[in-house]
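Asks: One-letter residues, chain by chain:
Number of protein chains: 4
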Amino acid sequence: MNGLSPRTIWYMERITPTLVQASGVRQVIYEGDTPYQHAQVIETDPFGKMLVLDDKTQSSEADEWAYHEALVQPVMTAHPNPRRVMVAGGGEGATIREALRHGAVEEVVMVDLDAAVVDLCKAHLPNHHQGAFDDPRVTLLHEDALAYLEKRETPFDVIIIDVPDPLEGGPAYLLYTVEFYELVRARLAPGGLMVAQSGPTGPTNVDEVFTAIARTMAKVFDHASPSQVNVPSFGMMWGFIACGGADAPNVAAMTEADVDARLRERGVSSLRFYDGEAHRGMFGMPKYVREAVAAETRVITRGTPLYAI
Amino acid sequence: MNGLSPRTIWYMERITPTLVQASGVRQVIYEGDTPYQHAQVIETDPFGKMLVLDDKTQSSEADEWAYHEALVQPVMTAHPNPRRVMVAGGGEGATIREALRHGAVEEVVMVDLDAAVVDLCKAHLPNHHQGAFDDPRVTLLHEDALAYLEKRETPFDVIIIDVPDPLEGGPAYLLYTVEFYELVRARLAPGGLMVAQSGPTGPTNVDEVFTAIARTMAKVFDHASPSQVNVPSFGMMWGFIACGGADAPNVAAMTEADVDARLRERGVSSLRFYDGEAHRGMFGMPKYVREAVAAETRVITRGTPLYAI
Amino acid sequence: MNGLSPRTIWYMERITPTLVQASGVRQVIYEGDTPYQHAQVIETDPFGKMLVLDDKTQSSEADEWAYHEALVQPVMTAHPNPRRVMVAGGGEGATIREALRHGAVEEVVMVDLDAAVVDLCKAHLPNHHQGAFDDPRVTLLHEDALAYLEKRETPFDVIIIDVPDPLEGGPAYLLYTVEFYELVRARLAPGGLMVAQSGPTGPTNVDEVFTAIARTMAKVFDHASPSQVNVPSFGMMWGFIACGGADAPNVAAMTEADVDARLRERGVSSLRFYDGEAHRGMFGMPKYVREAVAAETRVITRGTPLYAI
Amino acid sequence: MNGLSPRTIWYMERITPTLVQASGVRQVIYEGDTPYQHAQVIETDPFGKMLVLDDKTQSSEADEWAYHEALVQPVMTAHPNPRRVMVAGGGEGATIREALRHGAVEEVVMVDLDAAVVDLCKAHLPNHHQGAFDDPRVTLLHEDALAYLEKRETPFDVIIIDVPDPLEGGPAYLLYTVEFYELVRARLAPGGLMVAQSGPTGPTNVDEVFTAIARTMAKVFDHASPSQVNVPSFGMMWGFIACGGADAPNVAAMTEADVDARLRERGVSSLRFYDGEAHRGMFGMPKYVREAVAAETRVITRGTPLYAI
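Residue numbers (the working numbering), protein chains in the order written: chain A, 1 to 309; chain B, 1 to 309; chain C, 1 to 309; chain D, 1 to 309.
Mixed in with the good hints there might be a few duds.
Partner residues aside, some chain C positions facing chain A, computed with beta carbon under 8 Å [to be verified]:
| # | residue |
| --- | --- |
| 1 | V25 |
| 2 | Y30 |
| 3 | E31 |
| 4 | L149 |
By construction, these hints were calculated from the structure, which means they are not laboratory data.
Built from N, CA and C at the ideal position, the CB exists for glycine as well.
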């Protein structure tokens with residue numbers, strides 16, 4: 001009836017104290033507290049169904065495919081034979097969905113601390129997980145990723161860190177430290193690769209956490225290759241860093257033809273964001289990002305943790 | 001006094017009817033109507049000083065350098081000897097600033113219809129133009145870019161279209177038609193290049209105008225190469241399309257090394273966004289963008305114009 | 001976790017195109033379309049549970065008692081023996097709740113067009129209706145109040161018009177016309193009284209609809225007494241007009257002592273807003289309201305209806 | 001051009017952490033810090049020019065006349081011969097404007113701590129002060145009202161307290177204490193009256209500060225009469241309390257006829273809000289306000305101050 005105001009209910013995400021992204025809400029599917037965080041599943045006009053944890057958008061139907069393909073596909077594609085994969089976090093089930101596309105995969109261990117969030121995603125975000133939780137190759141564990149890795153014996157070929165931002169008091173900040181990356185490196189098989197979602201890379205916020213994470217990883221790994229993808233529901237560019245030892249493939253160095261050939265060989269054909277050209281785009285970082293990484297001096301440790309805004 | 005609300009004055013940009021980006025305002029420097037559009041110069045916390053025309057952000061101090069380098073540098077760098085350059089629009093003076101970095105440039109004709117907007121920018125956006133209007137190579141004209149091109153005799157090496165989105169009733173929609181691009185092509189010297197800001201390229205909005213512009217240009221030019229850059233103050237990815245005839249360099253095909261070598265030769269050293277690797281990133285388009293362009297059937301003409309939301 | 005933003009979900013009510021009241025949302029209990037209007041039941045931090053129809057707040061737990069007592073109690077109290085009462089609209093059940101407090105009442109006919117809204121209120125707003133729908137004196141009908149009144153034979157002692165604002169295309173605008181008030185008058189028993197919610201009475205909006213309704217009623221009734229009450233969830237003052245023939249009590253003329261005596265006689269003791277002093281306050285209208293009513297020339301008819309913003 | 005969003009610049013007043021009133025902004029006339037507070041003069045669509053101190057609206061052109069008449073006229077009218085008047089605060093000049101309407105006035109001492117705010121109002125709010133600062137009966141002092149009263153020797157007939165809310169760290173909180181009211185009483189001439197703006201009186205916020213102020217005043221004065229007025233730019237009802245000793249007129253007890261007769265005698269004819277009927281309305285308080293005042297136990301002292309939200 002009221003053409004002027006197409007919505008009365010809005011989701012207001014405070015990107016910074018003076019930058020807010022507001023989206024018209026179709027429905028609030030769930031809002032409540034888990035043992036670890038405040039969780040919401042909402043459906044908005046611009047982004048479809050969204051998972052929001054501690055007031056921060058984690059992913060949306062409108063662009064989760066770009067985020068999750070950009071996070072997962074480069075390392076999975078670069079690795080010549082990714083049989084064992086670990087996913088830390090990734091509650092929506094879309095991270096394991098992407099890993100499972102590669103036929104070599106025999107085992108995916110998903111370690112997400114918060115069972116309640118995973119249950120929410122299973123129930124309400126079918127377009128995210130697309131049944132991936134039912135794949136017999138998947139083992140789903142609800143424990144601390146760090147504790148799990150400490151006791152894990154069989155090494156992984158690929159480890160994907162898809163945990164929430166390092167919020168003060170939140171469940172994830174210890175997974176952004178040099179100590180954690182050393183543990184990850186120790187649990188990688190020869191030639192193994194790690195990738196982590198690593199925070200925003202925009203001109204105004206690349207130095208919030210991304211540069212410090214990049215520098216911290218560079219202390220531990222021989223290769224640490226930044227990439228980025230636009231995630232409209234985050235209101236910004238989002239960065240990933242793919243890492244490996246000297247014996248591992250250099251993810252950033254794959255050519256467009258390499259990527260397309262390998263995807264074709266493996267029959268990975270239904271991607272929406274990622275292919276050889278997109279790979280080139282993701283790893284072609286703007287000059288200011290590289291300069292900011294080069295100028296960064298912070299190394300994140302348990303004793304000197306880093307918190308996102 | 002009130003830590004909860006760091007600002008009481010906010011700039012609310014309606015990206016779509018149900019997506020709003022809100023920024024805390026430091027000062028409203030100017031707001032008024034020119035003969036052609038509603039103009040605002042405001043200073044916000046997240047983005048510094050911004051030019052806003054007809055309620056749409058045109059550029060901000062925080063990221064205009066990424067936008068303007070990404071718009072201008074690829075074609076200027078790809079052209080072996082860009083002596084004569086035309087800029088349509090570009091009221092802030094940052095587009096000509098970027099063109100003027102190349103020593104080969106002898107003449108830059110900037111044709112911006114709206115003298116009032118240019119005067120605002122000269123007065124209030126010094127960090128944008130950085131004195132470019134005073135360069136003796138610049139001729140500033142306030143007339144319709146289409147009318148100017150019709151009568152121009154000496155051809156241009158590079159033509160840069162940096163006009164506002166094709167809003168219905170706005171001043172620019174005729175500059176997004178096949179007829180206009182044919183006129184541009186006719187005014188290019190042999191080997192000449194055109195580039196145009198071409199609208200958003202995000203997963204949710206690439207098919208608003210970008211794909212139609214791409215298809216329209218492909219009707220007129222032999223090469224039409226899409227690229228994109230993140231512009232946080234727009235709240236999204238922004239696309240450009242660089243075009244040329246069969247005799248012109250293929251901008252997208254320049255390698256990282258080509259770009260860096262040419263910038264070095266020309267002494268273009270103070271860029272913040274653009275270099276060889278960034279070039280690779282800009283022109284490595286996501287799969288969904290290329291698929292959307294391939295699926296597009298609209299060709300924009302004077303008789304069937306296209307309007308942005 | 002995020003002390004800066006106590007809510008991410010907000011209810012934004014557009015009071016006017018440039019005045020918005022935003023309330024933090026605890027839960028969206030219902031949102032959907034009935035055959036007649038868009039309906040929402042939401043719970044907000046400042047106002048508790050609210051009914052919203054066509055994007056307009058109808059009532060909230062935080063202040064519905066002030067609204068409904070102010071609407072109903074003056075006419076019920078002024079009438080010496082209110083046996084038969086009609087309520088048009090009043091879907092929340094709070095209007096009949098107020099009427100039922102008076103022991104003389106034998107019959108309350110509630111005519112609310114929209115069964116779906118009444119069902120929502122029965123299910124989700126128990127603090128509003130407080131069981132009033134179960135009172136054996138109540139007959140609930142879902143039909144047009146105008147059509148009902150046309151065929152009703154037994155006259156009413158009190159008729160209470162509590163329908164939504166006269167929105168263009170909405171279900172209620174014909175219930176704000178001289179023709180409707182004439183029908184109401186014809187269905188009142190000797191000494192009968194009518195009251196209608198009549199729109200805002202603030203300095204900036206008293207002349208939107210209130211003054212026109214007042215003038216229209218004054219064409220039909222001998223007494224037409226304006227009153228007002230603050231309704232914070234509406235973001236403004238709200239007006240009522242109580243009307244009667246020459247044989248009816250003058251509601252506005254009741255003294256503080258008259259009101260208190262009658263409430264005491266009838267054992268109406270659990271009110272929160274209304275008593276003799278509040279009656280004095282409600283009917284003591286500011287000078288600007290009376291001047292605006294006096295200056296009003298619009299008489300609302302079926303042929304020249306009035307629409308709220 | 002964009003009919004959907006009539007404004008891009010908005011003034012967002014945080015009434016509470018989860019209740020915000022947003023108004024479209026025509027111009028930000030001034031924003032800056034005085035030695036005492038953050039000051040803004042803005043012009044909004046719904047309310048015209050507004051003074052905002054420490055992020056709280058102080059008054060607006062759209063309704064300041066209702067606020068200032070309701071604050072000043074009852075005590076000025078009730079006093080039989082108000083020759084000497086003190087105004088504490090009242091930087092806009094509208095409070096003294098109202099006092100000066102009464103011909104008996106020989107001296108108005110306005111004590112506003114913040115010269116910068118008064119200068120802003122003189123320059124930018126002519127519709128508020130209407131030249132009152134130039135009245136030869138006015139003495140304008142910039143010092144602490146408490147310090148001024150301590151040294152003042154000649155008693156006042158009327159003292160009007162129109163200072164900002166008692167914000168923690170703000171300039172005014174000591175002017176809401178029993179000690180201050182005792183000082184005021186000591187500086188009143190026989191039969192003298194005090195009135196103070198005393199905070200919101202709505203159903204959701206009457207017990208924030210109003211009831212505590214009422215109870216504190218009742219400790220000091222023989223009469224303490226609450227009244228209220230709707231102030232749309234505050235988004236709520238606002239309360240005043242008029243006080244006097246046993247020898248002073250009881251402001252609340254004035255009849256409608258008393259008020260109208262006295263205003264007529266004194267030739268006070270150009271009021272927009274106040275007259276006899278409005279007086280009746282202002283002092284006819286809702287039952288919940290009186291019950292909340294009766295239930296209040298807090299007495300505000302220097303040692304146990306009260307801070308508004």
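Asks: All hints, please: hold or fail.
Replies: Hints, one by one, checked against the model:
1. V25: holds (7 Å)
2. Y30: violated (10 Å)
3. E31: holds (7 Å)
4. L149: Violated: closest Cβ of chain A sits about 25 Å from C:L149, beyond 8 Å.
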